[in-house]
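S.K.: Here is how the chains run, residue by residue.
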Amino acid sequence: MTTEGREVVRVEGLVKDFRPGLGIRAKRVLDGITFSVQENEIFGFVGPNGAGKTTTLKTLMGLIRPTAGSATILGHDIRESGFRKHVGFLPEVSYFYDYLTGIEFLDFYARLSGLPRAERPDRIATLLGWVGLSHAGDSRLRTYSKGMLQRIGIAQALIHDPQVVFLDEPMSGLDPLGRKEIRDLILRLRTDGKTVFMNTHILSDVEMVCDRVAIIVEGKIRYEGRIEDFIAEDRQQADVVLARVPAELATTLEERFDAELRGHGHQVEARVPEKRVNDVLRVAIDAGAEVVSVTPVRVSLESIFLETIEETTHARDRGAFVEEGF
Amino acid sequence: MFVRILAIATNTLREAVRNKVLYALVFFAVMLIGVGVLLSTLSYVEQERIIQDVGLSAIRLFSALISIFLGVGLIHREVDRRTIYTIVTKSVARWEFLLGKYLGLVATVWLQVVVMSVAFLAVSWLTGAPLVAQHVYALVLTAGEAALLVAIATFFSSFTTPMLASFFTGGFYVVGHLTREMKQLGSQSDVESVKAIAGVLYRMLPDLESFNLTVEALHGLPVAPAEVWFPLAYGVFYVAIVLLLGSVVFHYKDFR
Chain A
1 MTTEGREVVR VEGLVKDFRP GLGIRAKRVL DGITFSVQEN EIFGFVGPNG AGKTTTLKTL
61 MGLIRPTAGS ATILGHDIRE SGFRKHVGFL PEVSYFYDYL TGIEFLDFYA RLSGLPRAER
121 PDRIATLLGW VGLSHAGDSR LRTYSKGMLQ RIGIAQALIH DPQVVFLDEP MSGLDPLGRK
181 EIRDLILRLR TDGKTVFMNT HILSDVEMVC DRVAIIVEGK IRYEGRIEDF IAEDRQQADV
241 VLARVPAELA TTLEERFDAE LRGHGHQVEA RVPEKRVNDV LRVAIDAGAE VVSVTPVRVS
301 LESIFLETIE ETTHARDRGA FVEEGF
Chain B
1 MFVRILAIAT NTLREAVRNK VLYALVFFAV MLIGVGVLLS TLSYVEQERI IQDVGLSAIR
61 LFSALISIFL GVGLIHREVD RRTIYTIVTK SVARWEFLLG KYLGLVATVW LQVVVMSVAF
121 LAVSWLTGAP LVAQHVYALV LTAGEAALLV AIATFFSSFT TPMLASFFTG GFYVVGHLTR
181 EMKQLGSQSD VESVKAIAGV LYRMLPDLES FNLTVEALHG LPVAPAEVWF PLAYGVFYVA
241 IVLLLGSVVF HYKDFR
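Chains A and B, in that order, give the protein sequences. Per our numbering, the very first residue in the first sequence carries number 1; after that it's consecutive. Per our numbering, the very first residue in the second sequence carries number 1; after that it's consecutive.
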């Protein structure tokens, strides 16, 4: 894993309002978000559809202008453009010039990035090999599969050897093999010293590759930090299966250990907090029960993520009720 | 800067060259030039003039149609397909992108004007119709008019949909050929405000009729050098203003 370095991306109180049309009230899509990305980490920007992920990324990329707040990349204000030679970007759903071949496509971006003519063929060949498309360099992009398009898209984002790479939903719509290929590429970027900012709603991928995450819900940051910290220790549970359970033990487990009990014939399964498993086993054995098994229950990022969203939604609904005088 | 603009321009030209719809349009224009030969057989007099009249008119009409057809979707298509995202997020200024797209499209349209002109010259030569310098001037000014139309279409394409952009650009094309009449009518008016408005509109709208030397070419009338260089200089100036305005609008555009 990475060690914390200097800040590569800094976002402070970013606000973006969209006005759907003349005379229509503006809608706040980003509501004062603040977060930072450290050097050489893979940062996951996570949220449900419509939460403001792509708007944040587009703002950072200079595609839209913030209503308020500020943001810097590599210490430069995002309204500048000179620093963008150090930034790579793969947009959500790769719409590329499909009439170009893979080599022509990369050559176009190499020219835009100011790569000297003499260096271009080598750089293109290296990148095609790197993303596993050496065999498809002379084929037009319209013949590429979605996974191949994502990989050539990553190659264009890297053509100028940027320090930081922004990826918008890089694994969206890919099959498991395609997702693994992209995951491997992202991990390799970190090995090569790059900083990766990744927008995604596929949480299993976040768990597998990201060092830190920020969770955005309804335009507000709900959490920022390491995934291990987000999946807090007290959320971890274990299933303890016991046989020959006396009635009074069942009551004790429920009352003292806050256990959820499920009966399976002569056996009882108790879901208890993981850190209290030892106490539960001691009490159960003392009461004459037989321990059949103990299985840790892995609490996924997904379930906690869903909890976070539900909490936000409920809080908002409650607020709306109060405001409307219900 | 020049490398980036050239890269965008050549990519635009490459896209057009690989677009089969354009070949159909150029083929149709060349066919129309050929049809002039058939039409000329309906008359016993001035057959060569009919051939060349149909040919030059076909070139003017099709170069305008191609300019508007390609220009109105030029920027909108890039935004709609989001291909622009990976370009303006590199160290490419938005005005560089706009200028590169414009130059690429002008090169495309000029290439088509050249193909049509070669067809016109070939038909004229084969039928024994006279070819004079005025024909070349007329073709050069047709190319100039096309470049101006592409700029207007690019401007509208930078902030509106292709349908509206084609409506506006088409309107400019039609009105652009009537500005002289409009100015004349205005000057004959007794109402001072009408006179003033007609004068302002004449200066703001493109004077496309100054690019029309068809009559001079068909009748071999003398053409003063200023009748060629002035419209061209006027065109360069007008294109610069329109692209500058387009760049300002495009600079502040949000790509949602």
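Keep in mind that a hint or two might mislead.
As the list claims (entries may be wrong) - Think about it this way: if two alpha-carbon atoms lie no more than 25 Å apart in a straight line, the pair counts; the simulated DSS-like pairs of lysine-lysine are: (1) A/85 <-> B/253; (2) B/195 <-> B/183; (3) A/27 <-> A/220; (4) A/180 <-> A/146; (5) B/253 <-> A/27.
Derived from the structure by calculation, the hints contain no laboratory data.
S.K.: Now, for every hint given, state plainly whether the structure supports it.
M.R.: For each hint, the structure was consulted:
Note on residue 85 of chain A and residue 253 of chain B: the hinted pairing holds, with a Cα-Cα distance of about 22 Å set against a maximum of 25 Å. For the hint linking residue 195 of chain B to residue 183 of chain B, the alpha-carbon distance of about 8 Å falls within 25 Å, and the restraint holds. Restraint check for residue 27 of chain A and residue 220 of chain A: satisfied, since their Cα atoms lie roughly 14 Å apart, inside the 25 Å limit. About 14 Å separates the Cα atoms of residue 180 of chain A and residue 146 of chain A, which keeps this hinted pair within 25 Å; it holds.
Between residue 253 of chain B and residue 27 of chain A the CA atoms are separated by roughly 18 Å; this keeps the pair inside 25 Å, and the hint holds.
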